[in-house]
Amino acid sequence: MQTRPSSTTTKKGEAAPAISVPQSFRMKRGPFEQWYWAHFSFYVGVPYYLAVGCSDSSVRIYDRRMLGTRATGNGSPQPSTSSASPTIKEEGQETDAPPGSEGASSAYIVVILEPEDEPERKRKKGPAPKMLGHELCRVCGDKASGFHYNVLSCEGCKGFFRRSVVHGGAGRYACRGSGTCQMDAFMRRKCQLCRLRKCKEAGMREQCVLSEEQIRKKKIQKQQQQQPPATEPASSSSARPIASSGTTEAGSQGSGEGEGIQLTEAQELMIQQLVAAQLQCNKRSFSDQPKVTPWPLGADPQSRDARQQRFAHFTELAIISVQEIVDFAKQVPGFLQLGREDQIALLKASTIEIMLLETARRYNHETECITFLKDFTYSKDDFHRAGLQVEFINPIFEFSRAMRRLGLDDAEYALLIAINIFSADRPNVQEPSRVEALQQPYVEALLSYTRIKRPQDQLRFPRMLMKLVSLRTLSSVHSEQVFALRLQDKKLPPLLSEIWDVHE
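Here the sequence shown stands for residues 163 to 666, where the numbers follow my numbering.
Because the hints were derived from the structure by calculation, they are not lab data.
Hints may contain errors.
Stated by the list, open to error - In silico DSSO-like links for lysine-lysine, alpha-carbon gap of 30 Å or less:
1. K445 - K352
2. K352 - K362
3. K362 - K542
4. K542 - K445
5. K510 - K542
6. K380 - K305
7. K362 - K445
8. K305 - K445
9. K380 - K352
10. K362 - K381
11. K445 - K510
12. K381 - K445
13. K380 - K362
14. K305 - K492
15. K381 - K305
16. K305 - K352
17. K510 - K492
18. K445 - K380
Claimed, not checked - If you anchor each label on the Cβ, the simulated ranges turn out as follows:
19. R567 - Q470: 49 to 55 Å
20. R466 - K362: 43 to 49 Å
21. L657 - G341: 35 to 41 Å
22. A428 - T539: 52 to 58 Å
23. Q602 - G339: 45 to 51 Å
24. N444 - Q618: 27 to 33 Å
25. K381 - Q344: 36 to 42 Å
26. Q592 - A347: 31 to 37 Å
27. P495 - Y335: 38 to 44 Å
28. D587 - R502: 18 to 24 Å
29. H527 - E553: 19 to 25 Å
30. E375 - E530: 41 to 47 Å
31. R378 - Q344: 36 to 42 Å
32. T533 - Q471: 15 to 21 Å
From the three backbone atoms N, C-alpha and C, an ideal C-beta is built for every residue, glycine too.
From just these sequences and the hints, can you work out the full model?
So, in structure tokens, the structure goes:
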């Protein structure tokens, strides 16, 4: 039976509801006393009274309403001599002292990130859900057949990557050009070196490729599993392995990692739908590239016309991005079930945050540039020349670098964007409980997916949620940037003015 932490009371007498966290994490208060499981109701539209801290081994969720109290081993709040506000830390930085130590200034729950101690569940075998039919290979653009070695790709690129890893092809390949050949269904046969490079850039992982010995053992194990003991009851679970971080040579779509953790068939289908929707929206955006005002090259860069042309270029890219986000949101299961007012409220609030996520996705750490559409590449200086302030540009690139360190794949980005859309605490939302209910399946799917993909990295999931908290801060900085543009008499197009609530 699941229980929930009981409410505590602040020094002002207000009841502070218990903070709920993902069910798959073990909860402890302080360094000693072990707590019980909580029902999973944490949502990343972090309420104003919560702050989140992340260290190498734990995540701390602070309740700002408990300032001036200190949690003790028995759970009762005690007066504290300090009232400093807790700060949000990320990725390996420690937050405040633990309960019971000097200087602890707020009540918090420490979530120790350990895998759930649960009995192994028998994996139910069966065919993977069918593809929707219009997914494209992330390497060459040909028709994709599934997730292979962590990437949505075609059979040709799957086989090529496997052969390259198993037979050491990387040392034998050579490029006749400059090492930057564009990959498509035709060029993939012309340059093996650039094809392998594109495979790795897309996210294919060598560790997902099984050796001949591993394949042989897996086949033997599969044969043994097909002959279960007569006394063993048939599994009634509806859960299935994830549609693959790396498809085996036999063609089954198992994860190869995180054995015993499974996605339901509905979650697999959800992930495939989200990834396919993103690819479809991206493809439509590419067709708008010729319509964008050209970036001025020959003119005086400081001339009024050149500045206006650069600003128009960036705003037109932003319009394409907004249209892509709206198209994607309409394909996210559950979004169109909401009332029109809530759809508009969620899109207005989340658009800039999703744009920043997509910007981070297109960041190249080697060139320190960001690529939009197919081949529009911009440095920090280009952003500045287009009229953006350094106070907004630097956080964009810092956030992009942090996202790159996480190494998200297409499925994780798609789930994170869906979670961001369904944030129930957005302004003007009429049915927050309904929005929260629609968000929960995506959070649960992302949690399961990350535990399968990176079972050893138990901080991966909370760090992703922390990025959504960071996006709230960036969104505020963006609002200041929009205000600064108005002071410079730079008028935004009507669509951007509407989506960002800019009133002339």
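Quick rundown of the hints versus the structure:
| no. | hint | result |
| --- | --- | --- |
| 1 | K445 - K352 | holds (24 Å) |
| 2 | K352 - K362 | holds (18 Å) |
| 3 | K362 - K542 | holds (26 Å) |
| 4 | K542 - K445 | holds (26 Å) |
| 5 | K510 - K542 | holds (26 Å) |
| 6 | K380 - K305 | holds (28 Å) |
| 7 | K362 - K445 | holds (21 Å) |
| 8 | K305 - K445 | holds (13 Å) |
| 9 | K380 - K352 | violated (34 Å) |
| 10 | K362 - K381 | holds (27 Å) |
| 11 | K445 - K510 | holds (23 Å) |
| 12 | K381 - K445 | violated (39 Å) |
| 13 | K380 - K362 | holds (25 Å) |
| 14 | K305 - K492 | holds (23 Å) |
| 15 | K381 - K305 | holds (28 Å) |
| 16 | K305 - K352 | holds (19 Å) |
| 17 | K510 - K492 | holds (14 Å) |
| 18 | K445 - K380 | violated (38 Å) |
| 19 | R567 - Q470: 49 to 55 Å | violated (37 Å) |
| 20 | R466 - K362: 43 to 49 Å | holds (44 Å) |
| 21 | L657 - G341: 35 to 41 Å | holds (39 Å) |
| 22 | A428 - T539: 52 to 58 Å | violated (39 Å) |
| 23 | Q602 - G339: 45 to 51 Å | holds (49 Å) |
| 24 | N444 - Q618: 27 to 33 Å | holds (31 Å) |
| 25 | K381 - Q344: 36 to 42 Å | holds (38 Å) |
| 26 | Q592 - A347: 31 to 37 Å | violated (47 Å) |
| 27 | P495 - Y335: 38 to 44 Å | holds (42 Å) |
| 28 | D587 - R502: 18 to 24 Å | holds (20 Å) |
| 29 | H527 - E553: 19 to 25 Å | holds (22 Å) |
| 30 | E375 - E530: 41 to 47 Å | holds (42 Å) |
| 31 | R378 - Q344: 36 to 42 Å | holds (38 Å) |
| 32 | T533 - Q471: 15 to 21 Å | holds (20 Å) |
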